[in-house]
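Undergrad: Single-letter residue listing:
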Amino acid sequence: MNDHVVQKLKSHFGEGLFETHEFRGELTVVVPKERIVDVCRFLKEDPDLHFDLLADLCGIDMYTPVKRFGVIYNLYSLKSKHRIRLKTFTEEEDPKVQTVSTVWSTANWHERETFDMFGIIFEGHPDLRRMYMPDDFEHYPLRKDFPLMGIPGSLPLPKK
Amino acid sequence: MEPHVAETPRKTRILQALEDQNTSLSFDDPLENTMVLNMGPQHPATHGVLRLLVRLDGETVVGCVPELGYLHRGYEKLAENSTYHEFIPHTDRLDYLSPLSNNTAYALAVEKLLGIEAPPRAQYIRVLISELARISSHLLWMGTMGMDVGALTIWMWTFREREKLYDIFENLVGARFTTSFTRIGGIAHDASPESLAMIGKFLDDLPANISECERLLNGNRIFVERCDGIGVITREQAIDLGLTGPSLRSCGVDQDLRRANPYLVYNDLDFDVPLFEGGDTLARYYIRIAEIKESYKILNQVLDKMPKGDVHAFKPKKVLPKKERVYTKMEELIHDFMIINFGVEPPVGEVYHAVESSKGELGFYFYSHGEGYPWRMKIRSPSFVNLQSLPTMLRGAMISDVVAIIGSLDPVMGEADK
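Those protein sequences? They're chains A and B, same order as listed. So the first sequence is numbered by the numbering used here: it starts at 326 and just counts up by one. So the second sequence is numbered by the numbering used here: it starts at 550 and just counts up by one.
Please note that the accuracy of each hint is not assured.
What the hints assert, rightly or not - What the simulated footprint calls covered on chain A by chain B, stretch by stretch (three residues with Cβ under 8 Å from a Cβ of chain B suffice, anywhere in the stretch; the number is not a length):
(1) 344–357
(2) 366–372
(3) 413–427
As the list claims (entries may be wrong) - Keeping only pairs whose Cα atoms sit at most 35 Å apart, straight-line, the calculated DSBU-like set for lysine-lysine is:
(4) B:626 - A:406
(5) A:404 - B:878
(6) B:878 - A:406
(7) A:369 - A:358
(8) B:854 - A:406
(9) B:864 - B:878
Hints were generated in silico from the structure; no laboratory data involved. Note that the structure is a prediction, hence the values are computed from the model and not measured. Note that the Cβ used here is the ideal one computed from N, Cα and C, for glycine as well.
Please put together the full structure from these sequences, using the hints given.
TA: This is the structure in structure tokens:
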């Protein structure tokens with residue numbers, strides 16, 4: 326099934342676009358961020374592949390000078406019961422990725438959470454607010470340069 | 550807030566009337582504008598610290614915005630800074646109504662990353678504890694669901710059953726609530742014959758007790774009519790919103806990870822995946838009752854088939870050695886020291902493993918750089934995703950049904966807020 330997905334993607338989008346790897350039987354496809362919405366829409370709407378459930382979407386901070394932030398899409402097909410993973414990277418200066426909430430509405434909250442934790446901005450998102458942290462919080466907690474103990478004074482506590 | 554003033558001529562009329570000193574003000578329709586009601590986070594019916602902002606037109610809900618994060622403890626950040634073993638106790642605190650299935654899900658994901666597998670007896674015990682956790686969670690749900698719509702007795706009855714389960718956990722695991730039972734490559738200790746006998750006794754009484762509870766609700770006109778036809782979600786909407794678990798199966802979608810992508814020994818066990826078509830609160834009630842009965846079938850088979858043998862995989866550099874050997878043998882002492890201080894050090898790579906927990910698909914994603922702690926760990930929590938469907942389910946519902954619809958989704962905020 327993994328080979329089939331890669332073949333389909335390559336025949337539709339061309340050979341050089343994707344970088345794929347497999348680990349423990351799980352397929353990961355690295356997609357350039359300009360094409361992520363097209364690829365997601367193709368994977369969802371192709372009648373043969375039919376990845377209709379976006380199981381999960383999350384961010385990752387690689388802490389590298391280039392391609393620092395990644396977004397990981399966990400796609401599941403209810404028809405073939407198969408799971409693949411898409412990945413796209415963005416730069417530290419301009420962490421922007423197109424939203425996929427137009428493809429699956431479940432991406433709405435996942436993208437809000439990723440924005441909250443990593444500061445990745447999802448362009449075209451209908452309601453990009455923080456998910457967990459207060460709206461006036463200034464930092465992004467899951468970035469690797471955010472200390473585990475937190476930043477003193479960043480979360481003002483109510484006065485006694 | 551400006552938008553409210555702009556859209557309510559009523560307000561300007563009141564202000565004008567006050568300026569004119571006219572106290573005999575009358576309106577044709579007293580409910581001509583909408584009202585925003587704040588529910589929670591301190592509200593007994595929102596099952597924890599869920600906060601809802603509900604916009605009401607009279608008694609009808611026209612919009613709803615859930616607010617999360619009141620129980621956010623930053624578990625994903627903690628996981629990045631602790632070894633794989635150190636994080637096991639934290640998984641208890643995710644979905645605190647079925648901690649045992651969280652332990653299992655976490656251990657399975659780490660084992661997939663390491664490329665090891667627990668021995669058969671440990672796998673059977675893991676199925677056993679996952680299904681007991683499912684029954685315990687569904688029983689609690691049944692009680693609180695009854696309480697949400699005004700039936701108090703059922704809560705007492707299901708909690709009586711749960712009490713027996715917690716006694717079993719105490720005997721089997723050593724703790725009633727925060728179990729931390731699984732280890733990477735196995736479980737903490739073998740199940741004693743005494744606790745297996747306790748489970749057998751519990752299973753003997755379960756069908757009668759469940760049908761007793763069912764009789765209290767299934768024939769209860771108030772319960773059925775309050776739940777029937779509210780919080781409806783269609784099959785397409787449910788898939789689009791990423792619903793999983795009983796909420797998805799109540800829309801007629803045949804999706805159960807135990808069947809779809811079998812893990813542990815579910816392939817060798819005979820059980821059905823209950824499906825309902827309605828997609829409403831009543832369907833979600835029926836499906837959970839049916840799931841308790843399927844878990845009962847699974848548990849009986851597990852008790853019959855459980856093999857003898859070790860409960861730890863023999864992988865000295867990955868699996869914690871037994872304590873008595875750590876104190877007496879040099880090799881084991883070294884391995885224990887290395888695993889505790891530096892972690893299990895899986896290869897570079899990324900895995901995702903999901904199990905069917907009582908709420909839906911509970912998955913753990915790991916990105917490993919080859920160090921003793923994960924570079925990134927993501928918890929795919931079913932409650933978080935399921936809660937996203939609340940605005941869709943609540944639109945057009947009555948204010949009194951809001952509580953029943955929240956209850957029918959079975960959210961646990963420990964898991965939704967991570």
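Undergrad: If a hint holds in the structure, say so; if it doesn't, say that too.
TA: Against the structure, the hints:
1. 344–357: holds (count 4)
2. 366–372: violated (count 0)
3. 413–427: violated (count 0)
4. B:626 - A:406: It holds: about 31 Å lies between the C-alpha atoms, which stays within 35 Å.
5. A:404 - B:878: Violated, because 52 Å separates the two Cα atoms, which is more than 35 Å.
6. B:878 - A:406: It is violated: about 47 Å lies between the C-alpha atoms, which goes past 35 Å.
7. A:369 - A:358: 17 Å, holds
8. B:854 - A:406: 28 Å, holds
9. B:864 - B:878: 16 Å, holds
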